[in-house]
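Undergrad: Going line by line, the protein sequences match chains A and B. First residue of the first sequence: 20, per this note's numbering; consecutive thereafter. First residue of the second sequence: 447, per this note's numbering; consecutive thereafter.
The hints are simulated quantities; they were obtained by calculation from the structure and are not laboratory data. One should not assume that every hint holds.
With a Cα cut of at most 25 Å, we get these calculated DSS-like pairs of lysine-lysine [to be verified]: (1) A/LYS163 to A/LYS115; (2) B/LYS616 to A/LYS116; (3) B/LYS700 to A/LYS78.
For each label pair, taking beta carbons as the anchor points, the in silico distance ranges come out as [as the list claims (entries may be wrong)]: (4) B/ILE451 to A/ASP359: 47 to 53 Å; (5) A/ARG34 to B/GLU690: 47 to 53 Å; (6) B/ASP675 to A/ALA91: 22 to 28 Å; (7) B/ALA607 to A/GLU128: 31 to 37 Å; (8) B/ASP618 to A/LEU268: 31 to 37 Å; (9) A/ASN244 to B/GLN604: 31 to 37 Å; (10) A/ASN244 to B/GLY774: 30 to 36 Å; (11) A/MET96 to B/ALA670: 25 to 31 Å.
Some chain B residues near chain A, calculated using beta-carbon distances under 8 Å [unchecked claim]: (12) ASN454; (13) LEU455; (14) SER457; (15) VAL460; (16) GLY555; (17) GLN601; (18) GLN604; (19) LEU608; (20) HIS611; (21) PHE614; (22) GLY617; (23) PRO771; (24) ILE775.
Backbone N, C-alpha and C fix where the C-beta goes; we use that ideal spot for every residue, glycine too.
Each chain, letter by letter, is given below.
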Amino acid sequence: MSYRGFVWKNAARNRRRTILTVLSIGLALFVLSTLVAIVNQFQKNLDESNALRLIVRHKVSLANPMPERYGAQIDRMPGVVAAAPMQWFGGLYIDKKNTDFAQFGCDPEAMLKVYTGVSVPSDQQDAFIKERTAAIVGKSKAEKHNWKLGDRITLTGQIFPVDLELTVRGIFSGTLNDEAALFFHRDYLEELLGRPGNVGHYWVLVDSPDSVARVSDTIDSTFQNTDAPTKTETERAFQQGFLSMLGNLNTLIATIGGVVIFTILLVTANTMAMSVRERVREIAVLKALGFGRVNVLALLMSEGVVITLAGGILGCVGARLLFSSVDLAAFTQGFLQVLDVTAGTIATGLAISVVIGLIATGLPALRATKLTVAEGLRHVG
Amino acid sequence: MAIPIKYNLRSLFVRRISTLMTILSIAMVVAIFIGVMSLASGLENALVTSGDPLNVLVRRRASDSELSSSVSREGFQAIRYLDGVKTDDKGEPISAAEIVIIINLPKHGEEQGSNVIIRGVGPSGISLRPKFKLVEGRMFQPGLREVVVSRAISQRFQHTALGDHLPFGKGDWSVVGIFEAGNTAFDSEIWVDVNQLAADYNRTTYSSALLRAADPRSIDDLIARIEADRRYDLTAQRELAYYEEQTASAGPIKALGYFIAIVMGIGACFAAMNTMYAAVSYRSREIATLLILGYRRYAILFSFMVEALILALSGGLIGCLLSLPINGITTGTANWQTFSEIAFAFQVTPQLLVAGIIFSLLMGLLGGFFPASRASRQKPAFTMREA
Numbered sequence: 020m021s022y023r024g025f026v027w028k029n030a031a032r033n034r035r036r037t038i039l040t041v042l043s044i045g046l047a048l049f050v051l052s053t054l055v056a057i058v059n060q061f062q063k064n065l066d067e068s069n070a071l072r073l074i075v076r077h078k079v080s081l082a083n084p085m086p087e088r089y090g091a092q093i094d095r096m097p098g099v100v101a102a103a104p105m106q107w108f109g110g111l112y113i114d115k116k117n118t119d120f121a122q123f124g125c126d127p128e129a130m131l132k133v134y135t136g137v138s139v140p141s142d143q144q145d146a147f148i149k150e151r152t153a154a155i156v157g158k159s160k161a162e163k164h165n166w167k168l169g170d171r172i173t174l175t176g177q178i179f180p181v182d183l184e185l186t187v188r189g190i191f192s193g194t195l196n197d198e199a200a201l202f203f204h205r206d207y208l209e210e211l212l213g214r215p216g217n218v219g220h221y222w223v224l225v226d227s228p229d230s231v232a233r234v235s236d237t238i239d240s241t242f243q244n245t246d247a248p249t250k251t252e253t254e255r256a257f258q259q260g261f262l263s264m265l266g267n268l269n270t271l272i273a274t275i276g277g278v279v280i281f282t283i284l285l286v287t288a289n290t291m292a293m294s295v296r297e298r299v300r301e302i303a304v305l306k307a308l309g310f311g312r313v314n315v316l317a318l319l320m321s322e323g324v325v326i327t328l329a330g331g332i333l334g335c336v337g338a339r340l341l342f343s344s345v346d347l348a349a350f351t352q353g354f355l356q357v358l359d360v361t362a363g364t365i366a367t368g369l370a371i372s373v374v375i376g377l378i379a380t381g382l383p384a385l386r387a388t389k390l391t392v393a394e395g396l397r398h399v400g
Numbered sequence: 447m448a449i450p451i452k453y454n455l456r457s458l459f460v461r462r463i464s465t466l467m468t469i470l471s472i473a474m475v476v477a478i479f480i481g482v483m484s485l486a487s488g489l490e491n492a493l494v495t496s497g498d499p500l501n502v503l504v505r506r507r508a509s510d511s512e513l514s515s516s517v518s519r520e521g522f523q524a525i526r527y528l529d530g531v532k533t534d535d536k537g538e539p540i541s542a543a544e545i546v547i548i549i550n551l552p553k554h555g556e557e558q559g560s561n562v563i564i565r566g567v568g569p570s571g572i573s574l575r576p577k578f579k580l581v582e583g584r585m586f587q588p589g590l591r592e593v594v595v596s597r598a599i600s601q602r603f604q605h606t607a608l609g610d611h612l613p614f615g616k617g618d619w620s621v622v623g624i625f626e627a628g629n630t631a632f633d634s635e636i637w638v639d640v641n642q643l644a645a646d647y648n649r650t651t652y653s654s655a656l657l658r659a660a661d662p663r664s665i666d667d668l669i670a671r672i673e674a675d676r677r678y679d680l681t682a683q684r685e686l687a688y689y690e691e692q693t694a695s696a697g698p699i700k701a702l703g704y705f706i707a708i709v710m711g712i713g714a715c716f717a718a719m720n721t722m723y724a725a726v727s728y729r730s731r732e733i734a735t736l737l738i739l740g741y742r743r744y745a746i747l748f749s750f751m752v753e754a755l756i757l758a759l760s761g762g763l764i765g766c767l768l769s770l771p772i773n774g775i776t777t778g779t780a781n782w783q784t785f786s787e788i789a790f791a792f793q794v795t796p797q798l799l800v801a802g803i804i805f806s807l808l809m810g811l812l813g814g815f816f817p818a819s820r821a822s823r824q825k826p827a828f829t830m831r832e833a
């Protein structure tokens, strides 16, 4: 019998115990890969940000508006390709559960120039620009809510005391996060509000990486001594600010992850200790037959790794299959648009399983193989 | 006759390593469950204890929080003299008009700012909130750019220590006092004089108004009276209900807690099952002997169930102990309703500890039943004949 066959036979000997252990490890690794995927997803959102795009907001907070004349002033600064005024609307579409996308009032022409990551068919671009109550929506959201060109969407104001009656004139595609948005004419909102001339924030596209720091400084120093001083930062830094508002997410998830790993270690070590205990005499027989201590150790440890790896595959691949088939955005009200258990996450999970298998089996196996042949044969299990 | 529990305890002790590992894995799952849920319960507690049962909060209709609301001066004057508002010794209604804004402040060791609430209050605003207590320094003086900061904010954010200068509005404000508000939402706020704040932000309207109802029965009528006057477009709500709505921010944390607890709990069940199956198979001859001696099958079933429950309960107790040290640690997260930071403390409540113990017993029950029923179904003659 080959070594591989021997390991396999041993793992399958107490089938119920092996299955229970594999399931137990599988569930724990399912939790672990979910946690890793959440952290990765936040990181990915940061990485997808455009390094040439700056966000200008009121220095005090995002809730304080800036005057709309800033747009033209920023537009004229050297190094600026375009500045797009934005107003976050934060309205309700039907109810909370259906409002799983962001809504921005914008200047359509400037927005299309600055929002480089998304693409809109050119005839739809024109239609969006021309009509005052037109809106464009992300492709994935259009599919989910079954919006077609020409459909009407009503957004009920939550922060603003007005409701928007919009017509879908374009459907854009981009990353899943980009697509979780709707854009309409800021001018339409201004008109409903009686033209206060307010802008929530500006998106500014610069021409090269060298311009980023210079343009940021120019913008902030220009408006320094006005009623509405600004704070300009890269899109990445801006999103990091949002994440830091959530609190110490990384510590929380790392702590939970650590405890989960420790639990798997305990469960596996327990199973392997039970298996080894039952086989003390067999191990002595193997040694009497001439198998070296290292050989026997390797046999036992491979068995442990086979079990944890099976659990790892079950948990990680299970997580991937599950999360790719449910609508997370509706579950989490837009908090998580998508949870991608990547190949890298799966690899991490499997690596953790292997290491746990080695450690958990190593200790009991070392103890058992240390016994001499005579001691082992005399053992009563 | 029942099999003595001593038999179970001794059996567990003989296989102490395996017993200990099983107990610990159950303890870990219970500890994570309590830990995450104490985060949610701390946040919820901060919000639900914020309101006073007699306070009525008035906002502009269709606004979702104080931040997006506005109440005109005329509107405030009209509603405070309505029937049902409690009056003080001088016959003046107990009412307060306040301005709420948010500013962006960096936490210690961070460059990125988080939003913090600044509340402009008047003298009656403080008496309407009995949990407010100044613990250091003095109160701000009306008409001066002075602020008092909650202790939780002062500990976590830059520029908010006693004696610091905090820049917002039209210039610097001095921090003259530190307050505590009994772990409520106000513990995440900075308080200033309402008129000074209005001047700094050129505000001609208030954000919200707070009224003290004369007695619990008059609240509904008072709310109806406020909403009946269409001139000012106002809506009223019990202060308690307003804060309770914001507990939705704890939703994602709770979801995470339940998700981890359920999935890991099933995993721990399987682990306990393994241990108990092993125990049953090691002791098959003992079980056979017990049966031959005349113990009933249900006594065997019961005995092994007790053993599984002892394992699980020990795990549950250790899990509770492990979770206790996090009680009271202050942390903060975003309150999406007000779009600002809310500070709160992990709160390991007695209810959570009980839930943790019940959770562990459930794991023991599920993990122990199948092995125990297998033990009780043994055929003694067959077992004894085995080598």
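Undergrad: I want to verify a distance hint. Is the separation of the beta carbons of B/ASP675 and A/ALA91 within 22 to 28 Å?
TA: 43 Å Cβ-Cβ, so the 22 to 28 Å window is violated.
Undergrad: Given a cut of 8 Å on the nearest C-beta pair, is the interface hint for B/VAL460 held or broken against chain A?
TA: violated, 12 Å
Undergrad: Checking hints one by one. Is B/PRO771 an interface residue toward chain A, by the C-beta closer than 8 Å rule?
TA: Status violated, d = 12 Å.
Undergrad: Is the hinted range of 30 to 36 Å satisfied by the C-beta distance from A/ASN244 to B/GLY774?
TA: violated, 45 Å
Undergrad: Does B/GLN604 meet its interface restraint, that is, does its C-beta lie within less than 8 Å of any C-beta in chain A?
TA: violated, 13 Å
Undergrad: Against chain A, with CB atoms and a cut of 8 Å, does the hint on B/HIS611 hold up?
TA: violated, 15 Å
Undergrad: Is B/LYS700 within 25 Å of A/LYS78, Cα to Cα?
TA: With a Cα-Cα distance of about 34 Å, the restraint between B/LYS700 and A/LYS78 is violated, given a limit of 25 Å.
Undergrad: May I ask you to test the hint 31 to 37 Å on the CB atoms belonging to B/ALA607 and A/GLU128?
TA: Taking Cβ atoms as reference, B/ALA607 and A/GLU128 lie about 48 Å apart, which means the hint is violated.
Undergrad: That 25 to 31 Å hint for A/MET96 and B/ALA670 (C-beta), does it hold up?
TA: Because 55 Å falls outside the window, the suggested range is violated.
Undergrad: Can the hint on B/PHE614 be confirmed by a CB-to-CB distance to chain A that is less than 8 Å?
TA: With a closest approach of 6 Å, the B/PHE614 hint holds.
Undergrad: With chain A as the partner, please determine if B/LEU455 meets the hint condition of a C-beta pair closer than 8 Å.
TA: violated, 19 Å
Undergrad: Going straight from one Cα to the other, do A/LYS163 and A/LYS115 come out at no more than 25 Å?
TA: Between A/LYS163 and A/LYS115 the Cα gap is close to 15 Å, so the pair holds against 25 Å.
The earlier numbered hints that this structure contradicts are 2, 3, 6, 7, 9, 10, 11, 12, 13, 14, 15, 16, 17, 18, 19, 20, 22, 23, 24.
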